[in-house]
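Residue numbers (the working numbering), protein chains in the order written: chain A, 358 to 624; chain X, 358 to 624.
To be clear, the hints were calculated from the coordinates, so they are not data collected in a lab. Fair warning: there could be bad hints in the mix.
No distinction is drawn between identical chains; accordingly, a pair holds when it is met within one copy or between any pair of copies.
[Stated by the list, open to error] Straight line, CA to CA, 20 Å or less: simulated SDA-like cross-link-like pairs of lysine to any residue:
(1) Lys620 / Gln441
(2) Lys620 / Thr405
(3) Lys403 / Ala598
(4) Lys466 / Pro505
(5) Lys403 / Val616
(6) Lys466 / Val616
(7) Lys589 / Asp556
(8) Lys403 / Glu622
(9) Lys478 / Ile547
(10) Lys403 / Val457
Number of protein chains: 2
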Amino acid sequence: MNAPIGVFDSGVGGLTVAREIMRQLPEESMIYFGDTARVPYGTKSKETIIRYSRQIVNFLLSKGVKAVVVACNTASALAMTELQREYVVPVIGMVQPGAVAAMRATKNKNIGIIGTPGTIKSGQYGKYLRQLDPKVTVVTKACPLFVPLVEEGLIDDRITEDMVSRYLREFRQYHIDSLILGCTHYPLLINPIQNFMGDQVTLVNPAYEAAKSLKQLLEENDLCAEKDHTAKYEYYVSDMADQFLTFADRVLPCRVDKVQPVKIENY
Amino acid sequence: MNAPIGVFDSGVGGLTVAREIMRQLPEESMIYFGDTARVPYGTKSKETIIRYSRQIVNFLLSKGVKAVVVACNTASALAMTELQREYVVPVIGMVQPGAVAAMRATKNKNIGIIGTPGTIKSGQYGKYLRQLDPKVTVVTKACPLFVPLVEEGLIDDRITEDMVSRYLREFRQYHIDSLILGCTHYPLLINPIQNFMGDQVTLVNPAYEAAKSLKQLLEENDLCAEKDHTAKYEYYVSDMADQFLTFADRVLPCRVDKVQPVKIENY
């Protein structure tokens, strides 16, 4: 089935998820929607996130998608239950694949989670981890400055290193051995985070794990594209396409020629 | 006339403007609206900002305000013309009072402006300054990390000092002698900015100037509250009231007891 995958995020960060899907499922077409008019989701309430997510899934369905990937960790944490209950199309998020991978990676069962205030406050990653193993110790930390630092391009920079050490310092005393990068922007900070945490800590990228889960889900539901299918990618945003192109150029393996605006409030 | 003043901002930053109004016009009641569901405005397009601003003015009018202060610099820069044309109630923004004050402060006519990407890209401060004096030299710089740094509480911090020096360094070569703090959050960074720029540079706070303009406008239009009127303040937000209270406590001279949610998209 050659219909596209729908991928959405609060903005540009979800392109790190789109990138993983392109790499692992090169024959699948994709419709990407970035809610750039209403970014960020990380500081908004659950009710708002659910309402926004519904509008976006409605838009993606209008484009004929066969499955939906909620690339935004905050929306995955706050709206998955509602989306999976309300829609027939398969919906997968970041939290479950990320939690499963962290559980697989940990030896001492001390797992760290970093994300936006919304994701951390929701406690969804921890809830999932404890469902998998009630004996797990979960340590969390919201890192609100990481997204603006990444978007300002300060990736290999002493300011980012300084903030990494401030935010992550307390993980050391808990001797975590795996750390979930619970926000789409954070995989772009893998180097400073790994440098600070040391090699003994496994960094879990939910984007990578979600793409693996998506592959499995498509296979199980007989929804895979044909092997020789040439993937097409379309990009939609709710506002300000220029910024999107700059970020896409930094993240994606292919060039983005066109980004189309959508009045998402009408869906 | 004891009707309230309407003040709106994209979020919590406009409370620095509310503070100036409370100080300079202690008998005036105020209705404050913070668009916390759709913050930030600084990276959104002109069309979006105009649409959002209209909804908010409609809401404020439904509360019976006698004048509207656009506390958000981005909305002042992008939506003032439309708002002043479309509404009968007097509307004042940040840009004009800020520009007039900078013009009064400068001796060498080299004026710097800092703000969000939206405010800087709009060029509105520069346009206004050149209307006042075509010979003025205007140097601008967008400082996207200042707002998240302030909201993270990193005010007297080496990271903020570092970012101040990176963003403002280039102003030195232009020998500016006055600098417009073109974003509501920036007055909270007056100390590190003044330290870096030196005492010979006058920092212009448009919030202070706007409150002065408001006073004059009320007097000219015979709209002032009675001298013995006890001001009442009401606070409304489009999302997530908790964060609002924390910030209000840091900024306002009075305690905020209640913040009420508004479905702003319905206006």
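Practice item. Could you tell me which of the hints above the structure violates, numbers in ascending order? Key: As far as the earlier hints go, 1, 4, 6, 7, 9 and 10 are violated by this structure, in ascending order.
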